[in-house]
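S.K.: Sequence:
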Amino acid sequence: MNKRIKKIIALTVAFSAVTTIAPKTFLGLTSKPAYAASYTARNGELTSLVIKSTNGDKLSLKDGYNGDTVKLSDEKEYFVKLTDDSEGIVINAEAKGSDRIVRIFLTDDSDATAYKPGDKLYLGKGNTTVYVRTYASLSDFRQAKDKDKDVSNCEEEYEVHVKKTTESSYEDTTQDPVYLKDLSLNKEDITFLKQRTTYNVKVASSVDEIKITAEPEDDSSRVRIDGSLVDEDDNYRKTISLDKGKNEIKIKVTDDKDNQRVYTLNITRGSSSAGDSQGDVYLSSLELDEADLDFEEDKTSYEVDVDEDVSKILVTAEPEDEEYLVTINGSEVNSGDEYEKKVSLSKGKNTITVVVEDEVEDEKRTYKITVNRGTVTDDEDKDDTEDTDDKSDDSSSDDKNTVGWVKVDNDWKYRGEDGKFYVNKWLYDKEQGVYCYLKEDGFRATGWLQEGGNWYLLDSKGAMLTGWQYTGGQWYYLQSSGAMKTGWLKEEKTVTVEDTSTATDKKEDEKTSTSGSTNKTDTSKTDDKKEETTAKTKKVETWYYLQANGTMKTGWLLDNDKWYYMNLSGAMQTGWVIDNNSKYYLDQSGVMATGTKTIDGKEYKFTTSGALIS
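In this text, residue positions in the sequence shown follow full-length UniProt numbering: the first is 1, and each later residue adds one.
A few of these clues could be false.
Said to hold, decoys possible - Straight line, CA to CA, 25 Å or less: simulated SDA-like cross-link-like pairs of lysine to any residue:
1) Lys312 x Asn329
2) Lys312 x Leu345
3) Lys194 x Lys244
4) Lys244 x Lys312
5) Lys71 x Lys81
6) Lys120 x Leu229
7) Lys347 x Gly419
8) Lys583 x Thr608
9) Lys52 x Lys116
10) Lys58 x Thr128
11) Lys562 x Thr537
12) Lys76 x Asp111
Hints were generated in silico from the structure; no laboratory data involved.
Hey, can you work out the whole structure from these sequences and the hints?
M.R.: And the structure:
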C-alpha cells in the first residue's frame, strides 16, 4: 500500500512539471498549490503581476512566506516578504481582455477603498492580505462599487499575502495597542493605516466642512471625534466645520480596559496646492481640428495658437467612462454627437472650458484650453505698467519674439525660444541663480510641490529651497537637488581637536530662519588661543532622522527593531540619557542597550525596554 502511494505521488510531481494541477488530498496528505511553468490567461485573468517595494526593489512571488519562488499561473494565492525599510509595496497588474481593468484592495470589506495599479500601498509591520480583482470594464467596477455596494463582485480575485518584517517610520508604537478599523473623509482620500496616527490633508478654500468616519477595530471600543462620542447608530460619523488655514482634529479610540490611541487629522483649508486639486475623474482624449494638443489626462491646462482666419474650432472631448457628464463651454456633449462641439473664436485670446463630471461620486475635473487667434493684444495678455520681483522692464513686454520672463495678470511666465510658455517643467533662472517650477498654467509654483515622485519646497517668489527648512512648525531637509529627504541623514563638520563642542550640543534655536529659508548654523568659532595651537582637525558626524512625511524626528525612534533617541535639535544621542526619570544607555551607533552590558569596565543591567536596573 505504501509503495502504491509513493508511486502515485511521484507521478503527480512529474506531471506537475508539464501542466497545472489543483491542490489534492490523498489519504490524508494535502499537497500545496502547484504553479505551472507555463501559463495562458483566460479573459478576466491576470496576464502580469509585478510587485515591488516602495524603494523600487522587485519582490518574488512565492507559494508560502518561506516557500519556493513561483511565476504567475492560474492559482489565485501568492506570498511575498518585505524585508527592507520601505513603507509598503507597489503592484502593477494587467488583465486579459479588452476593457478589463484591475483594482487593488487592502481589506476584504465590501466598501473597501480601491487602488489602481501603480499606486503606493502603505503597510504596517506584520501580515497583510492584499486583494487584486479584475472587472470586465470600468462600468462593471462602478456597478459593483456604487450600486451593488460590494467591490468583491468581480471577474477574478487574487490574494497576495504580504509579510512586512520591519516597522515603517510613520508607525506610532508609543501608544496603546487599540486601533481604528477605518478612517475616511468624504471630501478627500487618505491612505489609512491603523498603526499610523497622523495624517495631513489639504482641501480647497470652498470646503467649509468635512464628514469624518472613524470605525473602531473592536465594536466594544468607544470613539470620539473632536470630543464628541460617535457609535454605530450614526455610523461612527461626524461632520466638522473647518476654519480657513490649519485645523487639528483629534480622534480618540478607547477600549474597555481604558487603553487609548489618538489619531490626528491636520486639515489645511485653502492652501495654494489644495486649490489646484481636482476629482479622480478624467477625459480619455481631448482634440482640436485646427491645432495639435499634447494631451495627457492629468494635464488640465493647454495653450495653442491658430491663424487669424480661423473663426471656429471643433473640440472633441471623450470621457474615460461613458457614464460621465461632459460639457464644453457649458453645453453638454455625448456619444450621440461624438462628444464634439464647434466653438466660435474671437480675435485674440479665447478660453475654452471642458468639464468632465462623475455625478454619482460628485467629482469633476476641469480642463482649460487657451486659443490665441491671430496676434494677442497687449491688453489681453499682460500688464506692463508695473515691474516686480526684480524682473527687468524689457521682460514685461509681451512681444511674441520675447524670450524670457513675461508679465501676465500681475504674475510671471517664461516664454521659450519656440514662442511658447514653459509649463510643467523646471527652469534655472541664471540671472537669479535659482531653480523654479512653472505649473500647468505657466505661473511659478510656491510652497510645497510634488513632482516626479518627490516633494520640493519653493519660497514665496518661487525659488527652490535646499538644506534645513522650518515651515508649518516642523523641520525638513531638502537635498541639493531640492528633493525632500526621508530616512537617516548624516551631517559632518570639521572641528579642531581642542574644540570640545559637538554637533549634538546644538540648541534648538541654533537653526535660524530668514525669508522662509532656514539653515543649521555652524556655531564653532576660532580665537587667538586656538590660532597658537597646532592645527589638528577631525570630522564630527551627526545623525538625524526624517520621517516618511519629511518632518525631523525627535524623541524615541524605533528603526529596524532598534531604539534610538533624538534630542530636541533632532541629533541622534549616544551615551547616557535620562528620560521620564529612567536612565538609558545608547552605544556609539546610537542603539539603546538592553540586558547586561559592560560600559567603561563596569557591568550594568537594563530592562527589555532599556531602563537601567538600579
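S.K.: Would you mind marking each hint as holding or not holding in the structure?
M.R.: Results for each hint:
1. Proposed proximity of Lys312 and Asn329 is supported: the alpha carbons are some 14 Å apart, at most 25 Å.
2. The suggested pairing of Lys312 with Leu345 holds, with an alpha-carbon distance near 5 Å, which does not exceed 25 Å.
3. Among the hinted pairs, Lys194 with Lys244 is inconsistent with the structure: their alpha-carbon atoms are about 28 Å apart, more than 25 Å.
4. Between Lys244 and Lys312 the alpha-carbon distance is near 43 Å, which puts this suggested pair outside the 25 Å criterion.
5. Annotation: proposed proximity of Lys71 to Lys81 holds, straight-line Cα distance about 15 Å (limit 25 Å).
6. Distance check on the hinted pair: Lys120 and Leu229 sit about 33 Å apart at the alpha-carbon level, beyond 25 Å; violated.
7. Between Lys347 and Gly419, the direct Cα distance comes to roughly 19 Å. Compliance with the 25 Å bound is thereby established for this hinted pair.
8. Straight-line distance between C-alpha atoms of Lys583 and Thr608 comes to about 13 Å, which keeps the hinted pair within the 25 Å bound.
9. Distance check on the hinted pair: Lys52 and Lys116 sit about 15 Å apart at the alpha-carbon level, within 25 Å; holds.
10. A C-alpha spacing of about 18 Å is found between Lys58 and Thr128, which places the hinted pair at or below 25 Å, so the restraint holds.
11. With a CA separation close to 32 Å, the supplied pair Lys562 and Thr537 exceeds the 25 Å bound.
12. Our distance criterion of 25 Å between C-alpha atoms is met by Lys76 and Asp111, whose separation comes to about 21 Å.
Checked against the numbered hints given earlier, the structure breaks hints 3, 4, 6, 11 and satisfies all the rest.
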